[in-house]
Amino acid sequence: GMLNDLISTGIFNQDTSFITIVAQARRAYPDNPQFRVLAAPDSGISEPADLAGVDIAISENSIIHYITQRILEDAGLSAADLSYRAEPNIPVRFQLLLEGQLQVATLPDPLAQAAIDAGAILVADDTALVETEYSQSVLSFRTDVVVDEPEAVQGFVTAWMQAAEDINADPEAYRDLWQENTNVPDSVRDTYVLPPFPTYAITGEMAWDDTIQWLLNEDIVDGAASYAESVDATFVDAIRPAETAMALPGDPAAGEVVYNNNGCIGCHALDDTAGVGPGLAGIGVTAATRVEGQSAEEYLRQTMLEPNAYVVENYQPIMPPYDSLSDDDLNNLIAYLLTFE
1 GMLNDLISTG IFNQDTSFIT IVAQARRAYP DNPQFRVLAA PDSGISEPAD LAGVDIAISE
61 NSIIHYITQR ILEDAGLSAA DLSYRAEPNI PVRFQLLLEG QLQVATLPDP LAQAAIDAGA
121 ILVADDTALV ETEYSQSVLS FRTDVVVDEP EAVQGFVTAW MQAAEDINAD PEAYRDLWQE
181 NTNVPDSVRD TYVLPPFPTY AITGEMAWDD TIQWLLNEDI VDGAASYAES VDATFVDAIR
241 PAETAMALPG DPAAGEVVYN NNGCIGCHAL DDTAGVGPGL AGIGVTAATR VEGQSAEEYL
301 RQTMLEPNAY VVENYQPIMP PYDSLSDDDL NNLIAYLLTF E
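Going by this note's numbering, the first residue of the sequence shown is number 1, and it counts up by one from there.
None of these hints come from the bench; they were simulated from the model. Quick caveat: nothing in here was measured; it's all calculated off a predicted structure. Just so it is clear, CB atoms sit at the ideal spot from N, CA and C, and this is done for glycine as well. Among the hints, a few may not be true.
[To be verified] Just the calculated beta-carbon pair ranges, DEER-fashion:
no., residue 1, residue 2, range
1, Asp55, Asn217, 14 to 22 Å
2, Asp209, Val257, 29 to 37 Å
3, Glu99, Asp166, 38 to 46 Å
Starting from the given sequences, assemble the full structure and let the hints guide the process.
Here is the structure:
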């Protein structure tokens, strides 16, 4: 088994399902980025628009390469606007950025935070990708191990989730252990805010498909194993606490207001009556069965943002995306829909 990411998994699985993802290990959170695009202290660069045509130091064909592109596309740049310079050694990349020999570089935390403390300019980071969960690392095992030794895999996943819960409950209690076992820059050893770890989470199909599409577009792979062949949620599902499975992302009452204010009732009845779209009766349960590996919440979120990603049989792909909703409104609307059991 190993800790890796979706890019390396896609490369491993370009011909067959060689490794299988069994859980999320890390991901970006609103206050806890994993990767940051930084400019040199005296570069004069301060915002994404300044990066068009400027070489960005990265590790090519890597998670950093992929996430850098997705961050900056989210900020309004196109793939054609972006130029890269290969600098695979991350500590060297850090040093060259601070010396001004690189104008821009993408660095992982906590090294990115150390660079900011030393004068580097934050241009953008992967907190912009929180909703999509494109920026994540994963726990994976060889597929033959998953098939032949499921008890061992289950034991590891169970222990990992317990450790994640313990750290999340009291991060400072584990700072010394973190310092002893990682290469943490001295400047942030005592001040860096330890990030939360996802618990009982699995890679969603949207994140997997986007990663594979990027690998194909970049001609890094010619093909890849499918989501169902590469991700196995059974180990997480087997130990997910009931309260975690039932937790709502927002306020259902507020979500009902969003539902009515946006005219959703015109297409979706509150019972099982078919209209322009399917009725809502039971959607809180059936949503979890629509796309393999996706929770009900993940499915509903994708449906709001990318309505044509999955279209219920016998209905037309005419629902508009609701990407103009605020995060709060979207979470509240999903919470409301989850109450239809």
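Outcome of the hint check:
1. Asp55 to Asn217: 14 to 22 Å: holds (20 Å)
2. Asp209 to Val257: 29 to 37 Å: holds (32 Å)
3. Glu99 to Asp166: 38 to 46 Å: Holds: the Cβ-Cβ distance is about 40 Å, inside 38 to 46 Å.
Every hint, counting from the list given before, is met by this structure.
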